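There are 2 protein chains.
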Amino acid sequence: MLRLATIATTLTRKLMAPVKVFGPAASTNVARVLVCLEEVGADYELVDIDFPGKGHKRPDHLARNPFGQVPAFQDGDVILFESRAIAKYVLRKYKSEQLDLLREGNLEEAAMVDVWTEVETHQYHPALSPIVLECFIYPTLRGLPTNQKVVDESLEKAKKVLEIYETHLSKHKYLAGDFVSFADFNHFACTFYFMDATPYSNLFDSYPYVKAWWENLMSRPSMKKLGANMSTRN
Amino acid sequence: MLRLATIATTLTRKLMAPVKVFGPAASTNVARVLVCLEEVGADYELVDIDFPGKGHKRPDHLARNPFGQVPAFQDGDVILFESRAIAKYVLRKYKSEQLDLLREGNLEEAAMVDVWTEVETHQYHPALSPIVLECFIYPTLRGLPTNQKVVDESLEKAKKVLEIYETHLSKHKYLAGDFVSFADFNHFACTFYFMDATPYSNLFDSYPYVKAWWENLMSRPSMKKLGANMSTRN
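Taken in sequence, the protein lines are chains A and B.
By the UniProt record's numbering, the letter at position 192 of the first sequence is numbered 192, and the numbering carries on one by one without gaps.
By the UniProt record's numbering, the letter at position 35 of the second sequence is numbered 35, and the numbering carries on one by one without gaps.
It is worth saying that the hints were derived from the structure and are not from the lab.
This structure is a prediction, so every number in the text was calculated from the model and none was measured.
Wrong hints could be hidden among the right ones.
Copies of the same chain look alike in the list, so a pair counts if it fits in one copy or across any two.
[What the hints assert, rightly or not] With a Cα cut of at most 27 angstroms, we get these calculated DSS-like pairs of lysine-lysine:
1) 211 / 20
2) 171 / 20
3) 149 / 95
4) 149 / 160
5) 95 / 57
6) 57 / 159
7) 20 / 157
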């Protein structure tokens, strides 16, 4: 019975027009949305934005996102921007009893998803992303040299953040508790590039619970698929 | 009948132990939670943290918030940190048909609440808060001079952000649409100090829809009450 319901849901999704994501798949903020779309098995179309030609500043894109950034998102008449808001829309839209990645029906669980989603925004990302920018994005896309002072300062910040994650993940399998959630997915793109495209992936060796959590996440089909396309080692 | 139900709900709330918010009321992140508690009429206790004495770095506070920041929050066995996560917990816990400030049951409305909540985090706050810090927090609390270069750069950023808000608020009464929501409340503390404690409050005169939105918010009892305590003009 459950199986029939799953088949019916899958068929319904296939019949609907795919949702559209505007932006390059390689962008960490675009990948934040894609990982959620992959997790829920949604049919989606990726519409590239011509960044070198300033496509993100053209009127058609500004109509989707007035701040001229990526991603933007379209689902019929619904047009959204801000990656975390789009990701939550996706997770709500495709929510089922088996697939509840925000847990908004449970006061405590939803709060833990929110806490660790905010921790990603205000602690984890500000510590790790400058390292990704300085070691990968700026040299590769802008031809700029790495600012090692920024890298070293960020590594010190990252160690403090990872220590707190280590303690937390020694008690819980996932960030929000013993269930996988948006809080975990939210860490995918930045961590992927940190591990794949900077010389500091061995930093995680000092935090075995964090490393095990990350390897567990990377074994998920969604992240394997997206990671294969994002990898700088191809 | 509705009136009886309201009285019953109010009585039940009064009988429950009040939730606790840890941190100084003057902190913008603490105020983000307080405005939500006031809006839903929750009974709460504010527990001050001895900042000058590094109370936020003591074990009892670190057990509540491992990053040693404010606010932290306690509701019986539930202990939370990160102001936006706490605020959402509060709005979910005290949600009713008349008081639904996250709109999580409506896919589109919830998405608009999320979009403009994220805009506050990633656009509005980064533009306006450095002006509050440089003109008010640093000189008053740390005895540091104002860095006018930071102020001037932030004012330029703020103008671009406010232009987008102006266009948006010319079409909608509130940020998420024609209903007040968490997205609006989220702007309270930073905007309050910008208007009350910096010499740049007249910036809003150039954006009449934004100004009207702000004045409308400030007429709410929650914001009047908190603002009276936060004001530097007393």
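Going down the list of hints, with the structure as the test:
1. Taking the closest pair of Cα atoms, residue 211 and residue 20 never come within 27 angstroms of each other, the shortest separation being 33 angstroms inside a single copy and 35 angstroms across copies.
2. In this assembly of identical chains, the alpha carbons of residue 171 and residue 20 lie at most 27 angstroms apart only when taken from different copies (25 angstroms versus 38 angstroms within one copy).
3. Neither within a single protomer nor between protomers do residue 149 and residue 95 lie at most 27 angstroms apart by alpha-carbon distance, with minima of 44 angstroms and 48 angstroms respectively.
4. Proximity of residue 149 and residue 160 under a CA criterion of 27 angstroms is satisfied intra-copy only: 17 angstroms inside one chain copy versus 31 angstroms between copies.
5. In this homomeric assembly, residue 95 and residue 57 never come within 27 angstroms of each other (Cα to Cα): the closest approach is 33 angstroms inside a single copy and 39 angstroms across copies.
6. In this homomeric assembly, residue 57 and residue 159 come within 27 angstroms of each other (Cα to Cα) only across copies, at 18 angstroms, whereas the closest approach inside a single copy is 37 angstroms.
7. In this assembly of identical chains, the alpha carbons of residue 20 and residue 157 never lie at most 27 angstroms apart, being 36 angstroms within a copy and 30 angstroms across copies at closest.
When each numbered hint is compared with the structure, violations occur for hints 1, 3, 5, 7.
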